[in-house]
Structure formats: structure tokens, C-alpha cells
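Colleague: What follows is the residue order along each chain.
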Amino acid sequence: MTENIQIAQQNIYKPAIMKIVDRHDEAPGVRTMRLEFQNPADHELFKKTFRTGMFGLYGVYGEGESTFCVASPETRNEYIECTFRQSGRVTSALANADIGDLVTFRGPYGNRFPIEEFHGKNLLFISGGIALPPTRSVIWSCLDQREKFGKVTIVYGARTVADLVYKHELEEWEKRTDVDLVLTVDPGGESPDWKHRVGFVPTVLEEAAPSPDNCIAVICGPPIMIKFTLISLKKLGFDEANVYTTLENRMKCGVGKCGRCNVGSVYVCKEGPVFTAAEVSRMPAADL
Amino acid sequence: MTRILFSDKLDNCVAKWRSAGLAVIGPVQEEAISRYAAVEKGTDFDFGTVLPDRSLKELFFPQTEPMLRYTIKKNEIDTADFTPPQGKRIIFGARACDASGLEIDDPLFGWDYKDEFWFQRRNESVIVTIACTKADDFCMCTSLKLEPDSTKGADVLLRPIDKNKGWLVEELTDRGREAFALISEYLQESSEPALPTVVVPEKFNLDACVTWLKNPENFESKFWKEISMRCIGCASCTYLCPTCHCFDIQDEGDTYSGIRRKNWDSCSFALFTMHTSGHNPRSTQSARWRQRIMHKFNYFPGKFTVNSCSGCGRCSRQCPVDMGITETLQAISNL
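Listed in order, the protein sequences are those of chains E and Y.
For the first sequence, our numbering gives the first residue as 1, with consecutive numbering after it.
For the second sequence, our numbering gives the first residue as 1001, with consecutive numbering after it.
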């Protein structure tokens, strides 16, 4: 029967208007933009709801919307930062937008990294290529309340030196005494003055051999990197329940209606994008 | 004693409802297809089909629907909401499977984020179903544990009496009673019996199918390739389905002004899940057909405790290569 249906007061597909206040290029074709809310009510709602790990739909009217994570941490919610690779219609339009231009944002949607549960634990962040942005949101959310966590280790790799994103922040992390940073590039991707490791992320991780004791691992990268890194983590003795990752699938609505982001029965937009490796291993691999 | 609505009074009823501000919608025959559409007089109805070619879905979730309008001036963006058309309406002569389909999709459009485009129309519609006295080989509501006279999603259920003379009236909800109070002068007390509803034979064992689908080992069974070999990915099944709800969002316009629309989409299409990187989680037609069946009978009921299928059979009836849910579930039953 239809009696008990409540009517929504708002159009759930209406985005917030954002102004680009800063932007810079991270790597060839990869750009970071800092966005500020134009409507204080939208901003208040964002501040109330945003937690690290959530995603949003970034858009340009006339072109459409694209889904990426919120790359800025929950501890810095005066603005939103997003990092994207220019490759399609929407990301090209976003890349063409200049400082002062207006774009749209819908979100934040999805679940989050439960960082309160990480208090008192050692943290191991593993990331590959353009998958550093979601990890970076968690990293800064933790580093901004550094005293609450144990040892922090970051393992980050990219194909080539040029492909490393957030280069200025990598330098900052490298200088910090309370962060262990392990950088690597794929064999052949090193430059003559490259001082860090050469090798694939899983190999480098095994060499660095972080202890699984009281440690939470957060891993994000291309599917192939995740696959082999999970094997390495297992070798190192990590329990799947202590390994977190974030999935990204094609989405249109972001709110569990448009029907395309599911992996098996799991709706990435509603039940994810953050999952433990144990949860991912229960999903049908052929649907990933 | 039950009240009867005689079909020769239908014209008066339509006039009465219309003068009370209700738009009247019913099954009609348009040039090549039958569908639910607006009627102005009693003779516009076509109750002769087993069920209309197109489902009731499009009256609640149109094939394409504007969601908002944008206007961009120098450093200013204006977003104006489109509200779904305001106006009460009565849908007279829906089939039970189509009415069930609406109720099946309510929790989907309502979980956490409420889609007002759907619910506004749901709240403004009175649904009058007519129990089926005939069926064809594709009808399969009973296989889905529904009946030709299911009351799911209906505000009033009508049961046909002999010789197309009219219908026995069973009011089910306040909304239905309100709408029929408007035409009470045309209802007559009578003891005439209703025609028996059609017997729709069960075509497959749903419980056995669901058990098979839930077994993770069967996700990569070669069955999926075999059963979907001839699927051409045209999405007719999706578009005609009373419960398929997947959609795309597209902008129509230019840099300065335009409309953002919600359009029907289908899991049959390769582009549906294609990532920007080129990776496609469901890159083959068999993976897409598996998704369609799994979604309807495993994932959707897992979330909303109801199958995303009301057994109308349109997916099989209209399939250009003679596939469909019936065939697949029959094959699973027989595995």
C-alpha cells in the first residue's frame, strides 16, 4: 500500500555550487583543485557529514558529473580538494576551469574509514599512482591528530617519478621524524637523480617489512597492485580484518538508485566505498 | 452484497473524476502498441489485451525526465528545480503485476535518500487494478508468488463479471475509497458473481532458483554463458520491465543553459559499468545477463526483502531473440 510514504523535501540530485579557489598540476594530466562552497547551508551540511573516505560527484553543467573521492582530510573541512586525471568529458571540462570559476559538487556520500577505531594503533598506508588522493585524506586526518596514533608508515609508488602525485607533500612527509616514508617507482621509471627505491609496490613493501602487530593497513591503488599487495600483506602476517581499502566504480547517482556500482550484492556507493580486505574477499572476484 | 461498477457507466465515472480534478489514465491501444495513457471518455479504454505492451513504470519513472535547469551567467550559476507534475490522477484498469511493480520499487527509491520524482507521483496516484481473467503463455505472476488478483500496490481491486458487463468493487485503501466515493452514484449493489481469475501455471520453482543463485560457486558457472549466448543487449527487457529502475544522468544544453535529465539505462549495455580507465567489471554480455538475474532475485531481495520481478512476462514476450527471465529461471530449476 502507499499510505506510509514520506515525501522528500529536496531534490536529491541537486548539487552544491563550488568556486575553484586554487589548483595545481600534480603529474602529467593530473590536477588538484581546491573548492569552496558558495552557499553557507551547503557548507554547514558538508561539515556535519563529511568523514574521511567519503566520495562526491564533481560536475560541470552541460558536461555532467564524475565520481572521485574527497582528497582533503576531515580535519580540514573549510574546503574540498579533489585530484583527478583528465581523461573524459567531465574531467576535461573540470581541467579547463580556472581559478574563480564555478563547478558543482554532490555529496559527501558513502561510508568512511573508522579512524577512531585506529587510535593507539600503528598505521601503514600503501598506495599506487593516482590512488594516493583517497589515502592522503586518511593520512592527513590522522597526522592532524598525530598524538592519537602509533607509528605511521607510508609506502607509495608510481610508474615513473613524474607520475608521483602530491610531490610537495611527499617532501614534507619525508622531512617529518614521526612519519616513515617509503617511495618507489616501477623499474625503468626512475630519473637520474632518483634517490628512493626502484621496484613494484608489493616487493618494496615486503622489503620494508612493517610489523603487523597492532597495525592497521590502508591500501589503495589499481586493481593489479591491490591484488599482489594483499598477498604480500598476508605474507607479512596481516589479518584481512585489519586491512582497509576503497573501491571505485562507475556511478551516476551516488545514492543507491541508478544501479551500476554494485560488486555482487554490495552497493559501493552506499555500503562502501571503504571496505576491509575481508569484506572484499567475500565479493565475487569476477565482478570487481 | 457487493457493489458493482457497470461498464456502461464508465463514461460517467471518467467525466466525474475529471471534473473532480483527477486525470484519468488507463490501458489504451495506440497505433502499434498498447500502453497506459490518458483517457477522456469511457470508450478510450482498451481492456482487451492480456496486459499492455508497456508497463505502468513510465507513468512514475518516465523514460526521460528533467531534474533541474541550469543557467550560467558571468560567475553565477543558477540551478532551478524541476518539480514533478503536480496533479492527482487515477489509473483505472492496471494489471496486478504492474501495480505490484510500483510497490516493489518504493523501498529502492526511498532508502535513505528519497527520490521525490518517484514519490510525488506515487502520492498523487490512485491505482485501480482489474483481476485477470485471461493470461498468455508468458504470464508468470504465480511463479513469483503473486496472483492475477494480487492487491499489492493497488488502492481498489475490480473483479470482472460475465459478458464484460462490469466489475465487482473491492476498495482497499482510504485513497481508493475517496476516489470511489466520487462515483458512488454509479455503483450498484448486486449479488452477481465475479468471473473466476485465470489460472496461471507455475513455470519454475523460485525457491530452488534463489538457492542456486545464492551459492557463490555458481557465480562463474558456465551456465551464464550458455543461457545468454543469443542476447543482443538491446535492453527491450529492461525498458518494458515494471521494476527495472536503473538510470543515467545526462545534461542537455550548452555551456550557458540547459537541463539535467534522468534517463532510463540498462545493465544490458556495455557502457553501463565501463570505467574511465577502460576497465569494465561486466565486460561480457553473459556477465551482464547474470547481473540482471542476480539483481532481481538475489541482491534486491537481500536489501529490500522482495524480488525485483512481478511476473508480467514482458521480458520474454517482447524479446527479439526469444530469451527472458522465464527461460533462465526454468533452466536453473532444471539444473
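There could be a bad hint or two in this list.
[Said to hold, decoys possible] Capping the alpha-carbon separation at 30 Å, the derived lysine-lysine pairs in DSSO-like fashion look like this: (1) E:K270 x Y:K1152; (2) E:K47 x Y:K1134; (3) Y:K1134 x Y:K1152; (4) E:K47 x Y:K1041; (5) E:K48 x Y:K1134; (6) Y:K1214 x E:K234; (7) E:K19 x Y:K1134; (8) Y:K1303 x E:K270; (9) E:K227 x Y:K1225; (10) E:K14 x Y:K1088; (11) E:K227 x Y:K1214; (12) Y:K1225 x E:K14.
In short, the hints are calculated from the structure, not lab data.
Colleague: Each hint should be assessed against the structure and marked as holding or not.
Modeller: Quick rundown of the hints versus the structure:
1. E:K270 x Y:K1152: holds (28 Å)
2. E:K47 x Y:K1134: Not satisfied, since the Cα-Cα distance of roughly 58 Å exceeds 30 Å.
3. Y:K1134 x Y:K1152: The given pair, whose Cα atoms are some 19 Å apart, holds under the 30 Å limit.
4. E:K47 x Y:K1041: Not OK: K47 (chain E) and K1041 (chain Y) at ~55 Å, beyond 30 Å, violated.
5. E:K48 x Y:K1134: violated (56 Å)
6. Y:K1214 x E:K234: Holds, because 28 Å separates the two Cα atoms, which is no more than 30 Å.
7. E:K19 x Y:K1134: Not satisfied, since the Cα-Cα distance of roughly 61 Å exceeds 30 Å.
8. Y:K1303 x E:K270: holds (12 Å)
9. E:K227 x Y:K1225: Roughly 26 Å separates the two Cα atoms, so the pair holds.
10. E:K14 x Y:K1088: Holds. K14 (chain E) to K1088 (chain Y) sits at ~25 Å (cutoff 30 Å).
11. E:K227 x Y:K1214: holds (25 Å)
12. Y:K1225 x E:K14: The hint is violated at about 40 Å.
Against the hints set out earlier in the document, violations occur for numbers 2, 4, 5, 7 and 12.
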